[in-house]
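Visitor: Starting from the known structure of chain P, arrange chain H on it as the hints suggest.
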Amino acid sequence: MTAINPKKPVPYSVSGSLRKKLWNSKTLILMCVPAIIYFIAFSYAPLPGIYVAFVNYNYRKGIFGSPFVGLKNFDFVAKSGKLWMLTKNTILFNLVFLLLDNALAVIVAILMKEIQSKSFRKVSQTMMFLPYFISQVLVGLLVFSLLNSDTGFLNVILKGLGAEPLRLYKTGEPWPFIITLVHLWQKTGYNSVVYFAAIMGIDAAVIEASMIDGANGWQKIRYIILPSLRPTIVILLLFALGGIVKGDFGLFWNLVGRNPTLYQKVDIIEMFVYRATVSDFNFSTASAVGLYQSLIGFILVLSVNTIVKKIEPDYSLF
Amino acid sequence: MAKHRDDDMLDSVSKVKLTASDYVIRGIGYVFISLFAIACILPFLIILGTSFETEDNIITYGVTLFPRSFTTAAYELVIKGGTIWSSYLLTIILTLIGTGIGLFICAMTGYALQRRDFPFRNAISFFIYFTSLFQAGLAPYYLLMTQTYHLNNSYLAVLLPLMISSWLIILMKNFAKSVPHELTESGKIDGAGDFKIFMSIVLPMLKPGLATVGLFLALGYWNEWYQSSLFLQNMDVLPLQYRLYKIVNEAQSLKNSVAAQYVTVSNLPTESLKMATAMMTTGPIIFLYPFVQRYFIGGITVGAVKG
Numbered sequence: 003m004t005a006i007n008p009k010k011p012v013p014y015s016v017s018g019s020l021r022k023k024l025w026n027s028k029t030l031i032l033m034c035v036p037a038i039i040y041f042i043a044f045s046y047a048p049l050p051g052i053y054v055a056f057v058n059y060n061y062r063k064g065i066f067g068s069p070f071v072g073l074k075n076f077d078f079v080a081k082s083g084k085l086w087m088l089t090k091n092t093i094l095f096n097l098v099f100l101l102l103d104n105a106l107a108v109i110v111a112i113l114m115k116e117i118q119s120k121s122f123r124k125v126s127q128t129m130m131f132l133p134y135f136i137s138q139v140l141v142g143l144l145v146f147s148l149l150n151s152d153t154g155f156l157n158v159i160l161k162g163l164g165a166e167p168l169r170l171y172k173t174g175e176p177w178p179f180i181i182t183l184v185h186l187w188q189k190t191g192y193n194s195v196v197y198f199a200a201i202m203g204i205d206a207a208v209i210e211a212s213m214i215d216g217a218n219g220w221q222k223i224r225y226i227i228l229p230s231l232r233p234t235i236v237i238l239l240l241f242a243l244g245g246i247v248k249g250d251f252g253l254f255w256n257l258v259g260r261n262p263t264l265y266q267k268v269d270i271i272e273m274f275v276y277r278a279t280v281s282d283f284n285f286s287t288a289s290a291v292g293l294y295q296s297l298i299g300f301i302l303v304l305s306v307n308t309i310v311k312k313i314e315p316d317y318s319l320f
Numbered sequence: 007m008a009k010h011r012d013d014d015m016l017d018s019v020s021k022v023k024l025t026a027s028d029y030v031i032r033g034i035g036y037v038f039i040s041l042f043a044i045a046c047i048l049p050f051l052i053i054l055g056t057s058f059e060t061e062d063n064i065i066t067y068g069v070t071l072f073p074r075s076f077t078t079a080a081y082e083l084v085i086k087g088g089t090i091w092s093s094y095l096l097t098i099i100l101t102l103i104g105t106g107i108g109l110f111i112c113a114m115t116g117y118a119l120q121r122r123d124f125p126f127r128n129a130i131s132f133f134i135y136f137t138s139l140f141q142a143g144l145a146p147y148y149l150l151m152t153q154t155y156h157l158n159n160s161y162l163a164v165l166l167p168l169m170i171s172s173w174l175i176i177l178m179k180n181f182a183k184s185v186p187h188e189l190t191e192s193g194k195i196d197g198a199g200d201f202k203i204f205m206s207i208v209l210p211m212l213k214p215g216l217a218t219v220g221l222f223l224a225l226g227y228w229n230e231w232y233q234s235s236l237f238l239q240n241m242d243v244l245p246l247q248y249r250l251y252k253i254v255n256e257a258q259s260l261k262n263s264v265a266a267q268y269v270t271v272s273n274l275p276t277e278s279l280k281m282a283t284a285m286m287t288t289g290p291i292i293f294l295y296p297f298v299q300r301y302f303i304g305g306i307t308v309g310a311v312k313g
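Residue numbers (the working numbering), protein chains in the order written: chain P, 3 to 320; chain H, 7 to 313.
Keep in mind that the hints were calculated from the coordinates and are not lab data.
Be a bit skeptical, because a hint or two may be false.
[Said to hold, decoys possible] Where chain H lies over chain P, by a calculated footprint (3+ residues, C-beta under 8 Å):
#1 18-31
#2 139-151
#3 278-290
[Said to hold, decoys possible] Computed cross-link-like contacts, DSSO-like style, restricted to lysine-lysine with a CA-CA straight-line distance of at most 30 Å:
#4 P:172 - H:261
#5 H:213 - P:120
#6 P:74 - P:90
#7 P:115 - H:23
#8 P:267 - P:161
#9 H:183 - P:189
#10 H:202 - P:28
#11 H:194 - P:22
#12 H:183 - P:22
#13 P:23 - H:183
#14 P:28 - H:194
#15 P:172 - P:267
#16 P:189 - P:172
#17 P:63 - P:74
[Unchecked claim] If you only want the chain P side, here are some residues facing chain H, beta carbon under 10 Å, derived:
#18 59
#19 110
#20 219
#21 296
From a predicted model like this one, the values you see are computed outputs, not experimental measurements.
For glycine and all other residues, C-beta sits at the position ideal for the given N, C-alpha and C.
So here's chain P without its partners, still in its complex pose (with noise of 0.2 Å):
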C-alpha cells in the first residue's frame, strides 16, 4: 500500500529537543501509562518497604517509626545457620532442577521427533502437556493421594503385593526425591517445547544426507541433532543459573509446607519468608531475607546477561 502512495511517509520523530519528541509522542506514551502505573504501584512501590529489613518492627509504629537494629536482623538468620541451610537447599534443588529439566526436555523432544505418527505424537504431546495446566493446589492433592500411608495409590499396590505400606508423610528423607520427581512430572511437558521447536527447525536436507552417508540413528543424535541444539541448551541453562536463588515456591509449599517434620530436609528462601510473614508476622526477618536472596538474584542475572552477550549476543536480556 505504501508503495504506490505518492506521499512521503511521515519522517521519525526521533530528533528534535526533549519537549518536541514528548509532544509528538504523547499519544504513545499515553498508552503505556496504564502499565507505568501499575509497576509503580506494585514493584516500585514496595522497594522504599525494604527498610524493614533494617529495623525492629512494631506494628504500631510502622515501618519507619520502628527503632534502626542496622543489621542485626540479618546477623540473627546468619548466626543460626539457617541462612546457609536456606541458601544451599534453594541452590542444590535448583541445580538438580535445571540439570535434569533440561536433560528430560532434550530426550523427550528427541524421542518424539523420532515418532513418525502424527496422531500418536499430537496425543501424547497433549496428555504431557496436562501437569503445566494444572494448580499447584491439585499437584499438592495428586500427590497426597499417589503417597499417604492409608488410602495413597503405592501402597494399595504394595499392600497388593503383601509389602509393608512406606509412611512417606512419616519423614522427611524422601522428600528431595519426590520434590524433584514432580517437579520434573510438571515442567517436562512444557520445557520439551522449545527443544522439539529447535529439532523441527534441523534443515531436514541436512538429516538426511547424513543418513545417506551412512549415519545411523546414535551417530545422528550425536553429530547433527545435540550441535544443533547447543545454543538453545547453553542459553536455556545460563539463564536457569541466573534465577538459581529463586524456588519453585508453589510446589514445595502445597507439597510439604504445612508439615514440618517433611520441609526441615527441604525447606527453601521462599518457604522461610512465606512463614515469617504469613504465618510470624516477623516482617523484620523475613525482609532481611528476602533482600538478601533479591540482591544475589540480581548480581547472578547481571553477571549471566554478561557472559550471554559475549557468547550470543542476540539472546542477550538488555
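Guide: Below, chain H without anything else, positioned relative to chain P:
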C-alpha cells in the same frame, strides 16, 4: 499394527534407508513417550475414579482408578452445599475482568514499545523490565498491600497483582513486531492518530498474540491461590483453587463446604469430597486445554529464549 504401516509409508517417501539403530531409537521413543504420557495423566484418573467411590471403600481399599461401587454422592454433597457456585462465579468474574483489562494494557504497551519511531521505548522498556530483575520481596509487598493500600480481604488484592507482568508485555511486544510496520506507516499517512492506528489496524492483526497472552492471563487467574492465601484468609466466598487449598489443608473448611443439614459431621465423606471438589474446580481446564494448548506452545517458542 497400523502404526508400523504408517512408519513404512513415511520412510519410503523419504527414500533413505534406516539402519537397525534407527528402529531401536524409534522403539525406545514409542515406549518411553507412551509411559511418560500415561504417567502425566494417571494421577488425574485416580482422582477421577476415587471421586465416584464410596467413602467406606476408600477407607478400606484406598484410592482407585475403577470404583468398586459407583456413586455420585460426593458430587451431590458439593453441589447441594451451594457455596461452590459462588466460588465459580467469583473465579469467572475475576478471570474475565482481569484478563480483559490486562490483555488490553499489555497489547497497548507492547505495541507502543516496539514502535521504532517512539523515542522513549528503551527507557520505558527498561523501567518495566527492571521489575523482573529486582524485587522488594514478600514482606515489604505484604505490608504495602495490607497497611498502605488496605487490600486485606478485598478481591482487588487478587485481581490487580495478576493483571500484568513484564514477561507478558515482552511476549506481546514480540508478537507486535510481526505486524508489518508499513501498516502503521500507511495509517499515519491517512492521518490516523497512534491510538486509532492501534485500535483499528494493529489490534485485528494481533489476534495470535492476543489469544496467547490472554490465555496465559486466564490460566493465571483460574489457578490463583497464592495472593488469596496472603490476603483473602477471612473471606466467605473464595476463588476456586484457594477453596480447594483450604479444603485439602483444613478440616474445618471441608465441613463448611457442605451444608450442615445434609450430613452429620461424623459421617462426612472426607476423602471423596476432596476428590470431587478437585475435579469440579479443575474440570473446565481439563476440558478446554487440549483445544488451546497450541497458543501456549506458540507463546513458549516466541517468548521463551528471546527476551
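Visitor: If a hint holds in the structure, say so; if it doesn't, say that too.
Guide: Structure-based check of each hint:
1. 18-31: Holds, because 5 residues of the segment 18-31 of chain P bring their Cβ atoms closer than 8 Å to Cβ atoms of chain H.
2. 139-151: Holds: 9 residues of the segment 139-151 of chain P have a Cβ under 8 Å from chain H.
3. 278-290: Coverage by chain H holds for the segment 278-290 of chain P (7 residues, Cβ < 8 Å).
4. P:172 - H:261: holds (25 Å)
5. H:213 - P:120: holds (27 Å)
6. P:74 - P:90: holds (22 Å)
7. P:115 - H:23: Distance ~17 Å between residue 115 (chain P) and residue 23 (chain H) Cα, so the pair holds.
8. P:267 - P:161: Given pair residue 267 (chain P), residue 161 (chain P) holds - Cα atoms ~28 Å apart, limit 30 Å.
9. H:183 - P:189: holds (29 Å)
10. H:202 - P:28: At roughly 13 Å apart (the allowed maximum being 30 Å), residue 28 (chain P) and residue 202 (chain H) satisfy the hint.
11. H:194 - P:22: Satisfied, since the Cα-Cα distance of roughly 18 Å is no more than 30 Å.
12. H:183 - P:22: holds (26 Å)
13. P:23 - H:183: holds (22 Å)
14. P:28 - H:194: This hinted pair holds, its Cα atoms lying about 15 Å apart.
15. P:172 - P:267: With a Cα-Cα distance of about 13 Å, the restraint between residue 172 (chain P) and residue 267 (chain P) holds, given a limit of 30 Å.
16. P:189 - P:172: holds (27 Å)
17. P:63 - P:74: Cα-Cα ~19 Å, so holds.
18. 59: holds (9 Å)
19. 110: holds (7 Å)
20. 219: Constraint on residue 219 (chain P) satisfied, holds at 4 Å.
21. 296: At about 6 Å, which falls below the 10 Å cut-off, the nearest Cβ of chain H leaves the hint on residue 296 (chain P) intact, so it holds.
Consistency note: the structure conflicts with none of the earlier hints.
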